[in-house]
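J.: With the hints as extra help, turn the sequences into a complete structure.
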Amino acid sequence: MRSIISIVLGLSLLGLLRATPLPEVQVELLETPVDNPEETEGFFEGDIELDGETRNAVNTHYYRSATWPNGIVPYQIDSHYSTEVRNTYLQAMKEIEEDTKVHGKTCVKFVPKTSQHHDYIYILPQTGCHSPVGHHTGRGLVSLGHGCERQGTAMHEFLHVLGFWHEQNRYDRDKYVTIDLSNVVTAQHKDFRIHTTHDMTTFGEPYDFGSIMHYGPYSFAIDKSKPTIIPKHSPGAIMGQRLALSREDVDKIQKLYNCGQDLTHIATPVEPTHLVECDFEHGITSGKCNLQQLHDDQFDWTLKTGPSGVSGSGPLADHTNGAGHYLLADARHHHNKKTRIQTTTLPSGVNCIEFSYFVHGSQVKTFLIRAEAPRIHHTIKQWSGSQTNGWMTQRINMNVPLSWKLVFEADIGSGDRSMMAIDDLKVYHGHCV
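In case it helps, mature numbering (1 follows the signal peptide of the UniProt record, and there is no 0) puts the sequence shown at residues -19 to -1, 1 to 414.
Hints were generated in silico from the structure; no laboratory data involved.
Be careful, since some hints might not be right.
Unchecked claim - With beta-carbon atoms standing in for the labels, derived distance ranges: (1) Lys213 x Glu79: 30 to 40 Å; (2) Gln273 x Ala47: 56 to 66 Å; (3) Thr48 x Arg228: 19 to 29 Å; (4) Pro4 x Thr87: 46 to 56 Å; (5) His263 x Thr118: 46 to 56 Å; (6) Thr178 x His61: 35 to 45 Å.
Stated by the list, open to error - Straight line, CA to CA, 25 Å or less: simulated BS3-like cross-link-like pairs of lysine-lysine: (7) Lys213 x Lys171; (8) Lys156 x Lys207; (9) Lys94 x Lys75; (10) Lys407 x Lys269; (11) Lys386 x Lys362; (12) Lys319 x Lys386; (13) Lys156 x Lys236; (14) Lys407 x Lys205.
Cβ coordinates follow ideal geometry from the N, Cα and C atoms, glycine included.
T.: This is the structure in C-alpha cells:
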C-alpha cells in the first residue's frame, strides 16, 4: 500500500512540475553600434569638411583654424531629426559648455541662430558624420547621419567646429603610436598625415589616448582584423572613446578661447557597477572577470595576444586597442569539438550584456551565447558560418526571472580555419546605456 501511495504521490508531483510553465526569458538584441562612424568617404581625416580656402591651406601646411568670436557658436538643427535625437545634440552642446566653464563663467556657448547671425552651423542628417574645423564665413554644414546620433559622436564633431583636429594627427604622434599604412587604402594615407606646428598646437598637453578626438585602433583599416593605430609604450591604452571630454580636451578648449583654467567640474560618464568585466589583460579569473571553463566540453578557451595563428581565420590583434589580449577558441587540433566558458552566477531581473566577437573563417561552424539556470537553457543568439572579417560588438538587454549564468560556446568546424574569439565582455544590472 505504501509503495502504491509513493508512486501516486511521485506521479502527482511530476505532473505538477510538468504543468508549471517554464520561466520566461526576455531578450532584446540591440542594434550593433557603428564602428568608427566618423569615417566618411571623401572627407579629410574621415570627417572634416574642407572648403576651397581651407583645403588649399591644409595642402600647404599653413592653416590654423579660427576661433568663434567670444566663443559663441550659433546653430540651427534640421527639422528632419526626431525630438529624441535633437535633444541628444542639445545635451552634447550643454555638456561642452558646462565642462569648460571657468569658475562659473561660460567659456564657449552654442546659441540658436537668429537673423542677426551671419556665420553659423547647420546640423543635418547627411551621409555619415562630418563638420568644418573652426569658425567660417556663412553657413557651415555639420552632418550627423545614421550611426552618428550618439551624444559622444556629436561632441566629437562639435569640437571640430570649435577648432580642433584629431589627436592622432598631432605633430608628435609618432612618439606614441605606430600607424600601419600598409593596411590603409593609398588614397586615405593623407588622413594619417601629421599636422605641423604651423597649423595646430598641443598647448603643451601630453598625448591623450583618452581624448574624444582620438580615433579607435581599427580606423580606416582595409583588413578589419588588423589595427591601423598601435600604441608604442602604453599597451593598456584605450583609444576612440565617445563618452565624454577628457581633462586634456577641456584644458585645450579653455586655452584656445583664452578662458583661464578650471578643471574641477568635468562631467564623467556614470559607469554602471559591472557584475562581469573582462578585457583579458590579467587572465580570466582576475577582478570582476572570474570566468569558469566548463568541463562538459572537449577543450578550453585560451588567452591570446597578436594573430590567432591561422591565416584567414581569427583576429590579428585584440579588440581593445590592438595590443592586448583576447579569448580564443583555437581550432588547431580541435576539429569538430566544442568549448564552453561561463560567467559566475548573475542576478535575476534585467541585465545588460556587451561583448565583442570575431567569428570568421571558411570552416567556422557555430558560435552561440546561452542563458543557463535550473529549468532554463535559452539560446540568446547563434552565429552560423563565417561572419565579418573583423571585430563586431553585440549589446543585449536580458530579463531572466532566476539567477543564471551566461555561457559562450564555440563549435569548431572540420578544419583550422574555424577560429573564434571574444573580448571586452561586460555585464551590468539594468538596461544597456
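J.: Indicate, hint by hint, whether the structure satisfies it.
T.: Hints, one by one, checked against the model:
no.	hint	in the structure
1	Lys213 x Glu79: 30 to 40 Å	holds (34 Å)
2	Gln273 x Ala47: 56 to 66 Å	holds (57 Å)
3	Thr48 x Arg228: 19 to 29 Å	holds (21 Å)
4	Pro4 x Thr87: 46 to 56 Å	holds (53 Å)
5	His263 x Thr118: 46 to 56 Å	holds (53 Å)
6	Thr178 x His61: 35 to 45 Å	holds (41 Å)
7	Lys213 x Lys171	holds (21 Å)
8	Lys156 x Lys207	holds (21 Å)
9	Lys94 x Lys75	holds (16 Å)
10	Lys407 x Lys269	holds (9 Å)
11	Lys386 x Lys362	holds (15 Å)
12	Lys319 x Lys386	holds (18 Å)
13	Lys156 x Lys236	holds (24 Å)
14	Lys407 x Lys205	holds (22 Å)
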